[in-house]
Amino acid sequence: MSFNKAHEHEQAAQQHRENGDFVEAGECYTAAAYIYLADWPPTHRGKNVSHGEYYLLNAATCYRLGGCTDRARNRCQQGVLIAEELLDRTKNIGGTTAYDRARYAAWYEFIGDFRVVGILTEKVSAYERAEQIYFEEETHH
Numbered sequence: 001m002s003f004n005k006a007h008e009h010e011q012a013a014q015q016h017r018e019n020g021d022f023v024e025a026g027e028c029y030t031a032a033a034y035i036y037l038a039d040w041p042p043t044h045r046g047k048n049v050s051h052g053e054y055y056l057l058n059a060a061t062c063y064r065l066g067g068c069t070d071r072a073r074n075r076c077q078q079g080v081l082i083a084e085e086l087l088d089r090t091k092n093i094g095g096t097t098a099y100d101r102a103r104y105a106a107w108y109e110f111i112g113d114f115r116v117v118g119i120l121t122e123k124v125s126a127y128e129r130a131e132q133i134y135f136e137e138e139t140h141h
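Numbering of the sequence shown is given in this note's numbering, commencing with residue 1 and proceeding in unit increments.
No lab work stands behind these hints: they were computed from the structure.
Misleading hints may appear alongside valid ones.
As the list claims (entries may be wrong) - Cross-link-like lysine-lysine pairs, in silico, DSS-like; alpha carbons within 27 Å at most:
{"no.": "1", "residue 1": "K47", "residue 2": "K123"}
{"no.": "2", "residue 1": "K5", "residue 2": "K47"}
{"no.": "3", "residue 1": "K91", "residue 2": "K123"}
Keep in mind the model is a prediction, meaning the values are calculated, not measured.
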């Protein structure tokens, strides 16, 4: 799958953002996100999906700055659902390296970030779960 079009959307989003047109930037980030999210099902590493999540979070932030709270919340709810599905898909994989386990924890951070930007509930619990996984990793060394 080629991600050239996603890159074009990202560049357009950055230009709109720099010009203060946050809603249009949100539209472009959303388009980029959906291109990356179309690379489904993801591998257990979820690299392309993580790019999609990143762009959804950028879109939500731009929508919120542009006064489109409903769109921001929508993108955040989508982001949480995707991250939760990835967590469910990967819960039994149990990475063999510190990096794998940290990547698993990062999905909880994404959930926390989406919940903050989207003004959703349970943001603290997502960050606490990520911290717990990171702490467990530190105790292995």
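So, going through the hints one by one against the coordinates:
1. Note on K47 and K123: the hinted pairing holds, with a Cα-Cα distance of about 23 Å set against a maximum of 27 Å.
2. The suggested pairing of K5 with K47 holds, with an alpha-carbon distance near 17 Å, which does not exceed 27 Å.
3. Restraint check for K91 and K123: satisfied, since their Cα atoms lie roughly 20 Å apart, inside the 27 Å limit.
Checked against the numbered hints listed earlier, the structure breaks none of them; every hint is satisfied.
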